[in-house]
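Peer 1: Sequence:
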Amino acid sequence: TKRSIANISSRLSRLEKHTEQLGALAREVEAAKRRYTQECSILKKALLEYQSVVTPIRMIPDDVLSEIFLAQVVDSPDYVFKKAPAPVVLAGVCRRWRSVCLATPRIW
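Per our numbering, numbering through the sequence shown is continuous, rising by one, with the last residue being 250.
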C-alpha cells in the first residue's frame, strides 16, 4: 500500500542519513588515529633521545672511555667481529665513540 511504501521510504531515508553520518564519523576517527599515531612516533623518538642522554655509558668521561677502548684492543689484538678490527667496530657504535677512537692514536 501507499502507506507502507511511504513508511519504507522514510525508514530508508533515515538509514541512508545515518549511514552517511557514520561514514563521516569513521573518516574523522581514522584521521585522528593517523594524527595520534604520528604524534606517538615523534614522542617515542624524543623519549629514546632523552633516555640515551642519561644512560650510564654516556656518563663515562672520554679519557676513561679511551682507556677502556685501549684495553679492549690490547687484550684482543686479533679480534675480528664481522671481519672488522676492534677499533673499527668501536668507532662504528656512535658519534661519541668514533670521536674518542679518532682522538686516541694508540688504538689504531
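Please note that the accuracy of each hint is not assured.
Said to hold, decoys possible - The calculated lysine to any residue pairs, modelled on SDA-like cross-linking and capped at a C-alpha distance of 25 Å, are:
(1) Lys187 to Asp205
(2) Lys159 to Glu172
(3) Lys186 to Arg248
(4) Lys187 to Ser241
(5) Lys175 to Lys186
(6) Lys186 to Cys236
(7) Lys159 to Glu181
(8) Lys186 to Trp239
(9) Lys175 to Leu185
(10) Lys187 to Glu209
(11) Lys186 to Asp204
(12) Lys186 to Val171
(13) Lys186 to Ser208
Since the hints were derived computationally from the structure, they do not count as laboratory data.
Peer 1: Identify every previously stated hint that the structure contradicts and give their numbers, smallest first.
Peer 2: 1, 3, 7, 10, 11 and 13
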